[in-house]
Amino acid sequence: VLRGYFPVSFLRTALAELEEFLTSLPAFGLPAASLQWRYVDDVEWENKWKDYWHPTPVGQKLLIVPSWRQVEDTEGRLQIVLDPGAAFGTGSHETTRLCLDLLEKLVVGGETVLDLGCGSGILSVAARILGAGSVVGVDYDEVAVRSSRENAALNGLEDIKFYQGNLFAEAVWKLLPTAEIIAANLTADILLGIKDYLPSVARPGSKLICSGIIRERAEEVSKEVFADNFQLLAQYDAGEWTALLGERRR
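Those letters in the sequence shown? Residues 904 to 1153, by our numbering.
Just so you know, these hints were derived from the structure itself, not from any lab. Backbone N, C-alpha and C fix where the C-beta goes; we use that ideal spot for every residue, glycine too. Mixed in with the good hints there might be a few duds.
[As the list claims (entries may be wrong)] Listed below are the simulated DSSO-like cross-link pairs for lysine-lysine, each with C-alpha atoms no more than 27 angstroms apart in a straight line:
#: 1; residue 1: Lys1098; residue 2: Lys1064
#: 2; residue 1: Lys1077; residue 2: Lys964
#: 3; residue 1: Lys964; residue 2: Lys1098
#: 4; residue 1: Lys1126; residue 2: Lys1064
#: 5; residue 1: Lys964; residue 2: Lys1008
#: 6; residue 1: Lys1126; residue 2: Lys1008
#: 7; residue 1: Lys1126; residue 2: Lys1098
#: 8; residue 1: Lys1098; residue 2: Lys1077
#: 9; residue 1: Lys1064; residue 2: Lys1077
#: 10; residue 1: Lys1126; residue 2: Lys1077
[To be verified] So the derived label-pair ranges between C-beta atoms look like this:
#: 11; residue 1: Leu928; residue 2: Pro1080; range: 53 to 61 angstroms
#: 12; residue 1: Gly907; residue 2: Arg1118; range: 26 to 34 angstroms
#: 13; residue 1: Ala1130; residue 2: Gln939; range: 51 to 59 angstroms
#: 14; residue 1: Leu918; residue 2: Trp971; range: 33 to 41 angstroms
#: 15; residue 1: Leu928; residue 2: Glu1127; range: 43 to 51 angstroms
#: 16; residue 1: Leu1095; residue 2: Gly1068; range: 14 to 22 angstroms
#: 17; residue 1: Ala1141; residue 2: Pro929; range: 22 to 30 angstroms
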């Protein structure tokens, strides 16, 4: 069963073509398929996904709680209240979970953390809750930056700073602080595109988390990003995804 939501204008023009395509499937040796559709209000489909998102434990310490749900017993876990809205980052995707697992291991208290491509702000909020002293997040998307600020406020962490900026622009990097921990949950292409800027925000011994990497491209990213200024420490895999952990050479 394949379900989808489409604008009414698209459905009106595509309905006949879709039905014709489905009825032609037996000619290709495939079983026949049928099409059913109905009108739904914007509010209905925009909020329906919330019915299926429940409090989610991550790693050994964290519990991600949707802002519209209440948890009476966190079982000793640190609670992150989250409403991602239209921004990426609910904690369910492998790339985000890999980053959260590594933040658990790396944050011991008082560090400066830099969140590159902050999305919903989940990594920034997690770092601060785990004990980071200061956190700065940056994203190209205005919606993501707004969502990050709102989620920080939901957790009483208005002191986290979020900026909108293009990571391919050198001027943005001049505004960012150096950090003991840098989390970059992006894509392989973006990581390769910003690799020459990363040393400017790292101190000797700083840890670099690179995630959002399709496993097939992990070796490529490893060789390019961790070639000169950073030393690769470990690789972590989850499903089709990879996270790389490195350290700024001393």
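Q: Find the hints from earlier in the document that the structure breaks and name them by number, from lowest to highest.
A: 2, 3, 4 and 17
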